[in-house]
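With numbering that gives the first Met the number 0 applied, the sequence shown closes on residue 118, and no number is skipped along the way.
Treat the hints as calculated values from the structure; they're not laboratory data.
Be careful, since some hints might not be right.
[Said to hold, decoys possible] Within a straight-line C-alpha distance of at most 16 Å, the following computed EDC-like cross-link-like pairs (lysine to aspartate or glutamate) qualify: (1) Lys22 x Asp58; (2) Lys37 x Asp84; (3) Lys90 x Asp12; (4) Lys32 x Asp95; (5) Lys90 x Asp58; (6) Lys22 x Glu101; (7) Lys22 x Asp79; (8) Lys48 x Asp58; (9) Lys32 x Glu93; (10) Lys32 x Glu71; (11) Lys72 x Glu26; (12) Lys22 x Asp95; (13) Lys72 x Asp31; (14) Lys22 x Glu93; (15) Lys48 x Asp21; (16) Lys37 x Glu68; (17) Lys48 x Glu101; (18) Lys48 x Asp31; (19) Lys32 x Asp12; (20) Lys32 x Glu15; (21) Lys48 x Glu71; (22) Lys22 x Glu86; (23) Lys48 x Glu86; (24) Lys37 x Asp79; (25) Lys90 x Asp74.
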Amino acid sequence: MAHSENHNLIGSDRVEGTYVYDKENVEIGHIDKLMLEKQTGRVAYAVVKFGDVFGLGGDQYPLPWEKLEYDEKLDAYRLDVSRQDIEGAPKYPESDSAWTPELGRNVYGYYGIPPYWMI
């Protein structure tokens, strides 16, 4: 089946695996998965993975979707923060079921933006 994107839409399978660059234009990792809000279908977080070797290991950090900006020239996403900023952020739990509203508030608070459920 052919993949096609219309205007601003993109399939989630095309987003997962896309590289992410920090504010210094350094590749820091890739989008491992997207987390969707069950009721609205809104993308709440992109889980960015970096520090892995050949796809193994590495740390995962939830980033509010609003922090990512797509760069057509790079065919990648950019952040307005550094890798060091991300390394100080709350990490993604080892299991999706370990996610809590408190962790969500901490992530959004760390990046200084209102939580997606408040917008």
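Now for the hints, and whether the structure bears them out:
no., hint, in the structure
1, Lys22 x Asp58, "violated (19 Å)"
2, Lys37 x Asp84, "violated (29 Å)"
3, Lys90 x Asp12, "violated (23 Å)"
4, Lys32 x Asp95, "holds (11 Å)"
5, Lys90 x Asp58, "holds (7 Å)"
6, Lys22 x Glu101, "violated (27 Å)"
7, Lys22 x Asp79, "holds (5 Å)"
8, Lys48 x Asp58, "holds (6 Å)"
9, Lys32 x Glu93, "holds (13 Å)"
10, Lys32 x Glu71, "violated (20 Å)"
11, Lys72 x Glu26, "holds (14 Å)"
12, Lys22 x Asp95, "violated (28 Å)"
13, Lys72 x Asp31, "violated (21 Å)"
14, Lys22 x Glu93, "violated (27 Å)"
15, Lys48 x Asp21, "holds (13 Å)"
16, Lys37 x Glu68, "violated (23 Å)"
17, Lys48 x Glu101, "violated (21 Å)"
18, Lys48 x Asp31, "holds (6 Å)"
19, Lys32 x Asp12, "holds (9 Å)"
20, Lys32 x Glu15, "holds (5 Å)"
21, Lys48 x Glu71, "violated (21 Å)"
22, Lys22 x Glu86, "holds (14 Å)"
23, Lys48 x Glu86, "holds (11 Å)"
24, Lys37 x Asp79, "violated (28 Å)"
25, Lys90 x Asp74, "violated (25 Å)"
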